[in-house]
Amino acid sequence: MSKLQTLPHQNMSRRDMLRLAGVGAAGAALAACAAPAAAPDSGGGDAPAMEPVTVIATTSMPVNTFDNSLERSVEQLPEIALEVNANGWGEGGWDGYSDTLLTRIAGGEQIDVIMIAIEGLRLLTAKNVLVALDDFLAGDQPANEILQNDVHVTLREMLQVDGKQYEYPFSWNNMVMYYNTAIFEEEGLDPPANDWTWDDFLETCLKVANVTGGADDRFAYSFWGAGMFGMAAWYFNNDVSPLSDDWLDSNLLDPKVAETVQFMADLILEHKVAPNPEGWDEWAQFHAGNLVMRTCGRWCIGGSLEADFTTYDMQYQPHRAGPLRTVAGTDGWGVSTSSENPQEAWEIVKLLSSTEASIDMVQLGGNIPALRSVSELPVFAEFGPPNTALFYETLDFAATVPSPTNFNIVEPILNRNYATIWNGERTVEEALQTAHDEVQVEMDKLKQA
Amino acid sequence: MATTTGSTNTPATVHKAYRKSVWLHLGEALLWLLLICIAIIEIAPISWMFSTSLRDPKNSFDLPPDFWPTALHWQNYLTVINSPDIEFMLFFWNSLKIALIVTGAQLLTCSMAGYAFGRLRFFGRDILFGLFLASLMVPATVTLIPSFIIIRSLDLMNTHWALILPSVTSAFGVFLLRQHFKSLPEELLDAAKIDGAGYFRIYWQILLPLTGPALSALGIFTFLASWNNFVGPLLFLRDWDKFTFPIAIATIRGYMGSGNQSEVLAGIMISIFPLLVFFLLAQRWIVQGAAITGMKG
Amino acid sequence: MTSTALPDDKTGGLTKRLTGMTLARREAWAGYLFATPALMGLLAFTALPIFASLILIFLHYDLLTPPKWAGAENITRLATDSRMFKIYWNSLRLVVGATFLNNVLGLLLAVGLNRTMPWGIRYVLRTSIFFPVMTTTASLAVVWRFLLTLDRGVVNFLIGQIGLDPVPWLSSSTWALVSAMIYDVWKSCGYLMVIYLAGLQAIPAVYYEAARIDGAGFWQQFRNVTLPLISPTAFFAIVISLIGAFQIFDNVWVLTEGGPGDASRVIAMYIYEKAFRGFEMGYASAVSFTLFIILIALTLLQFLGARRWVHYE
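Residue numbers (our numbering), protein chains in the order written: chain A, 21 to 469; chain B, 875 to 1171; chain C, 771 to 1083.
Think of the hints as simulated: they come from the structure by calculation, not from any bench. Just so you know, even glycine gets a beta-carbon here, dropped at the ideal spot from N, CA and C. Any given hint could turn out to be false.
[Claimed, not checked] Below, in silico cross-link-like pairs of lysine to aspartate or glutamate (DMTMM-like), each with a Cα-Cα straight-line distance of 25 angstroms or less:
1) A:K147 <-> C:E843
2) B:K932 <-> A:D333
3) A:K276 <-> A:D464
4) C:K856 <-> A:E445
5) A:K465 <-> C:E843
6) A:K147 <-> B:D1113
7) A:K227 <-> B:D936
8) A:K276 <-> A:E290
9) C:K856 <-> A:E450
10) A:K184 <-> A:E165
11) A:K465 <-> A:E450
12) C:K856 <-> A:E449
13) B:K1116 <-> A:E91
14) C:K856 <-> C:E843
15) A:K465 <-> A:D182
16) A:K147 <-> C:D832
17) C:K838 <-> A:E462
18) B:K971 <-> A:E129
19) A:K147 <-> A:E129
20) A:K184 <-> A:E290
21) B:K932 <-> A:E402
22) A:K292 <-> A:E207
23) C:K838 <-> A:D464
24) C:K838 <-> A:E129
25) A:K147 <-> C:E1043
26) B:K932 <-> A:E206
27) C:K856 <-> A:E290
28) A:K465 <-> C:D984
29) A:K467 <-> C:D832
30) A:K184 <-> A:D416
31) C:K856 <-> A:E458
32) B:K1116 <-> A:E360
33) B:K1116 <-> B:E1060
34) A:K465 <-> C:D832
35) A:K292 <-> A:E413
36) A:K467 <-> C:E1043
37) B:K932 <-> A:D328
[To be verified] Some residues of chain A that are not near chain B, with every Cβ distance over 10 angstroms (derived):
38) T217
39) L222
40) D265
From just these sequences and the hints, can you work out the full model?
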């Protein structure tokens, strides 16, 4: 019964929602007019007073994540006509996302509410695109209380620049090892322990890989080969980072960086248990059983839900040296300096970071909710493999993904140079030296500015 | 003697003819081989796409690949079509509208300029035409940055005008039609001039009807270029309901970037399907039209 | 505007012998009028942008904050931009390779199709070879990316079946550019074929008959009749395929994203990235201007060179 009732909403397009929003607002306006005046024929009295204010929010997530939020906005915020659009075309991670966003803003487009993650946050604040939320928070005790009490301090502080809160945390991610439980069973392997090392990992790889160049090829592990987040998942477990701790210098010549990259390159080139990342569709191959392990955040649950793939579980990334650390990045919603209706935009920020919006995201297999209370709901464990609790546990030793102001420049430099390692054309040392030279130039520019 | 020469001659010519025909046959055979191989290579990726778009998403990457549908998982198409945020009819209409307007505008402006440069003498003609030729070589990328600023200052960002206005004329079209106008026999005009026909009448009533094939060629290729334009919409269009097919497809790819390759391919199939139908129906025209772009008279 | 030329011209026709000069002037006016719409388009969306980018060269501008005067900084930076030189080298190889292959293959296919054969076979061959021309570059590049993947890729699987080693189509510096070239040839050779086909069909059959009577064989006919008579077509085909090759952008963008490293990055992509990813409009304009100058020079060369080998009847 209830399923039948929700069905039309699920099939409703965003446009329908907007139309509905308009009708809803008009209805509310009518009601508002009708109540005091009790006019039997409200000819033209309803129009001007309650013209809904359009607020446009842009996101990196699939826009259907917010379908229910649109519906709620109609009920809860009738004075606002909310629109959520997708920014970017799935290419280039947060660096591409920030660039597209800035191009849109430069094009004079109306964007009131902006989703951005730590990676792009400093670029946006440097370009003066985001409003500091502190004034809103000061005047909004309930929202502030949730931020202080239900959001982990690490997540909260990640979205601050110079002590000011620029984004209201919505979700976050870390990186864990996904593995195919059916293949592990088939090969007689125990599930990896939570303190497994790089050696354990390599041993597992060699056991499960079967690469001969035929139709039945099975790769043990694959990684993106690019992206600050994906690489940091490995660097941090070797007690090193590609950038200095203040994100103002390159740290690529640290021998531990080379050691890490060499380990990963060997998976492809020497042990041949990992494919070259170029053109490799990790998601599909994992679901098809052609790939046994992969590193990803919680959002990878979404694809598996969609594909009805269930024979997998997860474990911490294998560890090598130093204290246990996991990479983490947080995104949130903020208000654009170009918004003509910042107060309404703030209302939308709260709506889109609410418990309900978080639950919607969890059910679609998206990121880890920033609200601890949501991660403690049964729904969080329900939508995910047995070991899902892992995600929230890692928060206490989470370290922030390196996110300099020029992230959108640094990440492509790194990606370019990594690629020539994975294909075996340059040694790790050569490629890292080039990358270091290029990154350091950009870092020096940043320090001068 | 007569008989001997005859008898020595005959085998020689036969032999020569035989040798010639061997070469001829070898050449023929090679050409056939080339044609067939290329035809297979050209069509294989598309048939692979079609076959894979009909696979169960779980098997989309299974090897060996299919070049002929072995599964009929039409649900992939339904998923794409029913996906709440992908309104194919709207994208179709947007693409069609822009392409038609651009095509109409180009046919008019290019044929007029082509007539001027091809048939009329005026001071600076060759320099002006040289400008067109030069701009033929200006890649869109060179003008991309200032165009962005121009479109922004005209307040046309996120409108279809941003795609239409820069394309109302094309150096290629001017070049093509100028060549064509130039190749038409002078006698046609002499007769018209004796009749006292003015320039506009010569253009509109005498020459334009004769350029029909060239016009349809330009029309088809302008239409295709507009239909397939990628960078323009990427930079200028933001709203979902203004999107054209190519970026809608690119968006689906990101949107469904969860490894469901079969659905991505189904989306691409849907986007090329109108072209396929159009092509199969109007193949003669299109091929002739394409041909016209490369020849004169 | 144009319609006023009509009555004017009627009198012009009548008084043609008397006033030759005015006729010339009238013709000139008509010329300008007819060229105006296209000329305005050219000015607004080609000439003006080029002029604007000339100004941008001297600015630091990120689109968001007000521009700052840069002096010659953007220009001097060009000389030290080793990435740019490498990327130009890529573009050059891609353009030359794709133009050459497209034209040779296009001509051969056209010669192949320009013979008597059953209608059905011709239809099928022509349809298959031409259809990719009609498809969207970016979408089909997505397909080719799936096909060309190194590990578990379709093409490598197929060549594995005949005992060849897998080829790192997208991930090796040598092959990435070749893959972009293959994709472009796959996509465009049908267009060139059709253009050459029309050129061939326009050659009057009497020439071949004459050559055959003179005892010319297949190759001699091709060499002495086909090639000279098709040279205007070839000139046109080469010009447009060169232009097409310089425009290659979405092809590489989807196929290899310019990688590995910069191995398949082309200059159009570099300009786009400098402009809309690094937000260095001034420097991006400087790079785009070098491209502009090179292309102008190249066009001039082509038209000068064409006099030597293009035979107009």
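> Which numbered conditions among the earlier hints are violated in the structure presented, ordered from lowest to highest?
Replying inline: Hints 20, 27, 28, 33, 35 are the ones this structure does not satisfy, whereas the remaining hints hold.
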